[in-house]
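Q: Just so you know, the protein sequences line up as chains A, B, C, D and E, in that order.
Using numbering that gives the first Met the number 0, you'd call the opening residue of the first sequence number 0 and step up by one each time.
Using numbering that gives the first Met the number 0, you'd call the opening residue of the second sequence number 0 and step up by one each time.
Using numbering that gives the first Met the number 0, you'd call the opening residue of the third sequence number 0 and step up by one each time.
Using numbering that gives the first Met the number 0, you'd call the opening residue of the fourth sequence number 0 and step up by one each time.
Using numbering that gives the first Met the number 0, you'd call the opening residue of the fifth sequence number 0 and step up by one each time.
No lab work stands behind these hints: they were computed from the structure.
Quick caveat: nothing in here was measured; it's all calculated off a predicted structure.
Glycine included, C-beta positions come from ideal geometry on N, C-alpha and C.
Please note that a few of the clues may not be correct.
Unchecked claim - Rough simulated footprint, nothing fancy, chain B against chain E, three-plus residues with beta-carbon under 8 Å:
{"hint": "1", "segment": "47-61"}
{"hint": "2", "segment": "75-85"}
{"hint": "3", "segment": "94-104"}
Claimed, not checked - In silico contact screen, one side only, chain B against chain A (beta carbon under 7 Å); selected entries:
{"hint": "4", "residue": "Leu35"}
{"hint": "5", "residue": "Leu38"}
{"hint": "6", "residue": "Val40"}
{"hint": "7", "residue": "Pro42"}
{"hint": "8", "residue": "Leu47"}
{"hint": "9", "residue": "Ile50"}
{"hint": "10", "residue": "Trp56"}
{"hint": "11", "residue": "Val57"}
{"hint": "12", "residue": "Leu161"}
{"hint": "13", "residue": "Leu164"}
{"hint": "14", "residue": "Leu167"}
{"hint": "15", "residue": "Leu174"}
{"hint": "16", "residue": "Ser178"}
{"hint": "17", "residue": "Ala184"}
{"hint": "18", "residue": "Gly187"}
{"hint": "19", "residue": "Val188"}
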Amino acid sequence: MIEAMRWMLWREIALAMRRKTEVLTTLFFFIIVVSLFPLGVGPEKETLSQIAPGVLWVAALLASMLSLNRLYAEDYLDGTLEQFLLGAQPLALLVFSKILAHWLLTGLPLVLMSPVLGMQLGLDVDSILLMALTLLIGTPALSLIGSVGAGLTLGVRGGGVLLALLVLPLYIPVLIFGSGAVDAARTGVGADAHLSILGAISVLAALLAPWASAAALRISLD
Amino acid sequence: MIEAMRWMLWREIALAMRRKTEVLTTLFFFIIVVSLFPLGVGPEKETLSQIAPGVLWVAALLASMLSLNRLYAEDYLDGTLEQFLLGAQPLALLVFSKILAHWLLTGLPLVLMSPVLGMQLGLDVDSILLMALTLLIGTPALSLIGSVGAGLTLGVRGGGVLLALLVLPLYIPVLIFGSGAVDAARTGVGADAHLSILGAISVLAALLAPWASAAALRISLD
Amino acid sequence: MQIFTKAFWLQLSSPKVFYPVAGKLAPWFAIAAAILFVIGLYVGFFVAPPDYQQKDSYRIMFIHVPLAWMAMFVYIVMCGYAAIGLIWKTRLSTMMASALAPTGAMLTFLGLWTGALWGKPTWGAYWVWDARLTSFLILLFLYMGYMALENAIDDPQRASRASALLGLVGIVNIPIIYFSVKWWNTLHQGMSVSTSGISMEPSMKIAMFTLAFAVWFYTIAIALTRVRSIILERERHAAWVVDLAKAGGR
Amino acid sequence: MLKAAGLECMRGDRILFSNVKLELDAGELLHVKGLNGSGKTSLIRMLCGLVMPNAGEIFWGGESISDLKEDYLANLLYIGHHLGVKAELTGLENLKINAALGGHPISEDQAWDALEKIGLRGREDLPAKVLSQGQKRRVALARMLVTKAKLWILDEPFTALDVDAVKMLEGVLNDHLHQGGMVILTTHQAYTPPKTTVKYLQLGEAT
Amino acid sequence: MLKAAGLECMRGDRILFSNVKLELDAGELLHVKGLNGSGKTSLIRMLCGLVMPNAGEIFWGGESISDLKEDYLANLLYIGHHLGVKAELTGLENLKINAALGGHPISEDQAWDALEKIGLRGREDLPAKVLSQGQKRRVALARMLVTKAKLWILDEPFTALDVDAVKMLEGVLNDHLHQGGMVILTTHQAYTPPKTTVKYLQLGEAT
Ligand code: HEM
Ligand SMILES: Nc1ncnc2c1ncn2[C@@H]1O[C@H](COP(=O)(O)OP(=O)(O)OP(=O)(O)O)[C@@H](O)[C@H]1O
Ligand SMILES: Nc1ncnc2c1ncn2[C@@H]1O[C@H](COP(=O)(O)OP(=O)(O)OP(=O)(O)O)[C@@H](O)[C@H]1O
Ligand SMILES: [Mg+2]
Ligand SMILES: [Mg+2]
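Turn these sequences into a full structure, and let the hints guide you.
A: Given below as structure tokens:
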């Protein structure tokens, strides 16, 4: 079982490395989206630093959503997913490994990059560190929740709207607590409460999402 | 020749209608991205209305880019694109029809939706109308420029994010003049210059992009 | 003179002829670059007087400005090669374009880096959304896109043609981007700091231009070296490369 | 071992087949026949548990496969129209991963051997996307050489294979049957079944 | 009409074939033979102008196809491993659009007729995604019944077709040849060529 998980992780990472640019491009997407905002909104420093946490979080959300799109799509098209379903391993485990790999390859780089972008938007050092911390705790939840949506959209041709309706209510708390933490710290309320709620969401997602994703995949392949 | 263009348009629209929700998804994505902002940035009205044009334009950019992903991907996978290349029609014409259809199906709905969202973000009526006008003039350029990127990234695995990396920097002038128009009008400078530059970019793109896309497709299929 | 005949240049555009020529030229450029670097840095850091306002921090300029110049210039040259390669189907041109891309990206990155380091003492921030800075950042994205596309396609022939097309599109866009960013910024507000306030002592000029040439020669040397290995890789089936490998050397 | 009765499949408004029953024991081969669109693929996916039958049930060793789940799947090898071969991974990597995720991890050597036997010598280390149509199929089929599954379900295994490969594949099927394995397959190509028990199942009218 | 000389194809480090020459006149069929991976598909795509040859050139009526471009393509019908059939469109719509974009628009009636002849009666109005493997191929092959192209290039046209369909297809090929058409095809299946001139081109070693 652990064996199968290890293989899955290896597979995902090998695939990503083979495609090389895939990991980098998610990161660059994140960077570019963040950089678009000053261009659209204008270069005033106060405005920028005020909206910075929101911008970073929205960009992280989009980057993670975009890359999740392909989480199962290829395996579905080329028949690999069928084989997973027919494999003797519990599907939820395989799914969990896939999500883990996904986060390592796309979520983590975003977290590591966020301080530089925070600086560009004129955040101060404390806010930057807090920002990175919220991303570190929050992005796994994005991958986990998104995986359920990715599973559900597989078969259903235009299930996009349904997916958004299902996933968004779950994404929004992450966004609110993530970007809210910095604001709370700024106004002196302290970010502890925000951080622990964010952590709780991630843990809960880790417990439930793999099963839900597995179920979604089974439905999609029927 | 015109015949072939008509068929192509019919085909694209029929496909989109068959999938129904696909058009809606782009629109929905646009709405979601815009709606996420108040959640991430906080509900202060002045801030929101100040960043509104920028946010709307960035969202339009991302939405158009997302849908571009699929512009040629399916035709490539199922061999239709090969057939286009082998058809007796000039490829650039077919490509132009495809881009036109793409804009009708994804760009236009955004334009029509933008007033509602502008209202949500607290823009005044004049700004809202100007905003919609810039989108109307600017979004065709997005479809056109994006089509080149879509052609180049065909068949490249993980092309989605790569596409973003290639295309977003080229989108920047459109973004700047689009969102700048509203600001210019607000500060009393007048938006005429912005609008005419935006128009010029679209026209230039319409002249060059089909050929460039056709060349890109030929390269991708070699 | 042989150099003035068209045939000579045509011949030089064949990878086979160019390979040994590049091999001979590269070390000379490298040596020249190294010497100029040493001279320029010495003059810049020890001879030139400190600025009355910025004290010593202005000395970053001697590195920053040549890097920034070269980074922009390399992009144009690279796209030019790409366009030639695409239109006239000369293999060497696309190879030169591929050879220049990483250097250009690195120069851009270093330019950003040194500029940011300079920004802290002068503006009090590592980054501001000024027109020049923004367009320079976009330049980095363009380089990254170019390289990412080339890397993502495994067939080298197809990769170089695709990225060449991207370069062509990019070159059309460069002026548009440049002016849009400039206009975008000036419409809003003037920058609080202008970069042109430095009066140039002669020794400063010397340092600056020496280093500018150093960066030039460095770029040429690196590009020639890299193009040699690209030639070997892409032409590895050509008879002359096989012979070369058998002979075991240059 | 494998038994099914009263199977019915409905697609859209159409009943593709109904009241299909079959029985398969160790060492037997079942050849599902029928014209294009007669429902062969649908039946086969039903037997894998990928599609729910409208009516009827499928039993493995006396128990319903919807109860057995993983215990049934561990005995099963299915290769269908879609190959499950990753374009970016080499043939070798594809085989190893498919085997491991199918529940029977194999060693590097076994994988090399299998690929050599299936006729991919010298191509083991190429990414699958550059392989020809027939070579891609071979990568998928190589799993047959390394699996421990007893029941093989193959949907048109001979597609795109050249004459040599078809012969080799037939040999592999024979061996599997002689060792007490079971095979269910469909094919439109001329096929000489092995000398063990062969059953036929005709869907729709015969040709 | 079609002539090629000195064709060479290189893939990765490997020279797949070199110095291939062929000549095909009205009413002739060229059967390209070879094992899996011998380069049949690559050669065929070269003849369509989809892949540039490393060396050699291809002529149509004496002119190089890279000069003729659209004038050559108007004479060409290519059906390869990928079908170019849209999953969401019905068989009828697929056929009509493919014909129109290929330069020979057809009427509604012609399309119905062609689909009936190719054996899809009653399935014309189903979206292609619910069709079986063989039925999908028939939708693509129906273009052969309505095209005016003289040169047909078919990469494994018999794949996934049942015995009836193979027979029918052979009939269609015969008719085309008798009317002075040209056919280039590959297949791994047993195939009885028609009674007109048949040429063979062997890539790599023979079986
Ligand atoms: C990340 C920050 C920076 C970036 C990306 C950057 C970028 C550039 C670029 C692209 C150029 C060449 C432009 C041209 O010649 O038109 C340049 C030149 C120059 N930069 Fe910067 N710069 C940065 C920070 C700074 C700072 C903080 C200063 C000093 C206050 C500075 C001073 C200069 C000067 C004096 C030149 C030469 C201007 C001329 O000769 O035209 N830069 N920089
Ligand atoms: N929604 C639907 N409405 C009507 N018919 C449908 C629908 N979905 C599937 N079908 C029919 O079900 C059949 C699917 O059959 P299946 O794929 O099992 O055939 P097969 O025997 O494997 O054929 P082949 O030999 O071509 O692979 C087709 O005839 C198809 O037309
Ligand atoms: N990058 C590469 N490196 C090495 N070999 C390659 C590369 N790309 C393609 N090939 C080889 O080129 C050949 C492709 O052949 P092609 O698809 O034309 O074969 P085919 O004759 O159509 O075979 P099939 O009968 O299986 O369809 C394969 O043998 C493949 O291994
Ligand atoms: Mg079938
Ligand atoms: Mg082939």
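Q: Look at each hint and say if it fits the structure.
A: Structure-based check of all given hints:
1. Remark: the segment 47-61 of chain E is confirmed as covered by chain B, as 5 of its residues place a Cβ nearer than 8 Å to a Cβ of that chain, reaching the required three.
2. A stretch counts as covered by a chain when three or more of its residues have a beta carbon under 8 Å from one of that chain; for the segment 75-85 of chain E and chain B the count is 9, and the coverage holds.
3. Counting residues of the segment 94-104 of chain E whose CB lies closer than 8 Å to any CB of chain B gives 7, which reaches the minimum of 3, so the coverage claim holds.
4. The restraint placing B/Leu35 at the interface with chain A holds, with a minimum CB-CB distance near 5 Å, inside the 7 Å limit.
5. Given hint, B/Leu38 at the interface with chain A, holds; its Cβ is 6 Å from that chain's nearest Cβ, closer than 7 Å.
6. About 4 Å separates the beta-carbon of B/Val40 from the nearest beta-carbon of chain A, less than 7 Å, and the hint is met.
7. Residue-level restraint check for B/Pro42 is violated (minimum Cβ-Cβ distance to chain A is 11 Å; threshold 7 Å).
8. A cut of 7 Å between beta carbons decides the hint on B/Leu47: the least distance to chain A is about 9 Å, and the hint is violated.
9. Against a cut-off of 7 Å between C-beta atoms, the interface hint on B/Ile50 holds, since the closest Cβ of chain A lies about 5 Å away.
10. Of the supplied interface hints, the one on B/Trp56 holds, with its beta-carbon coming within about 5 Å of a beta-carbon of chain A, less than 7 Å.
11. Against a cut-off of 7 Å between C-beta atoms, the interface hint on B/Val57 holds, since the closest Cβ of chain A lies about 5 Å away.
12. For B/Leu161, the interface hint holds, the least distance from its beta-carbon to any beta-carbon of chain A being 5 Å, beneath 7 Å.
13. Checking B/Leu164 against chain A by beta carbon gives a least distance of about 5 Å; that is within 7 Å, so the hint holds.
14. Hint status for B/Leu167 relative to chain A: holds, with the closest Cβ pair at about 5 Å, below 7 Å.
15. A cut of 7 Å between beta carbons decides the hint on B/Leu174: the least distance to chain A is about 6 Å, and the hint holds.
16. Interface hint at B/Ser178: satisfied, since its Cβ lies 4 Å from the closest Cβ of chain A, which is below the 7 Å cut-off.
17. Using the Cβ-Cβ criterion of 7 Å, the hint placing B/Ala184 at the interface with chain A is not satisfied: the shortest such distance is roughly 14 Å.
18. For the restraint placing B/Gly187 at the interface with chain A, the shortest Cβ-Cβ distance is roughly 16 Å, beyond the 7 Å limit, so the hint is violated.
19. Taking 7 Å as the C-beta cut-off, the interface hint given for B/Val188 is violated, the closest approach to chain A being about 13 Å.
Of the hints listed earlier, those the structure fails to meet are numbers 7, 8, 17, 18, 19, in rising order.
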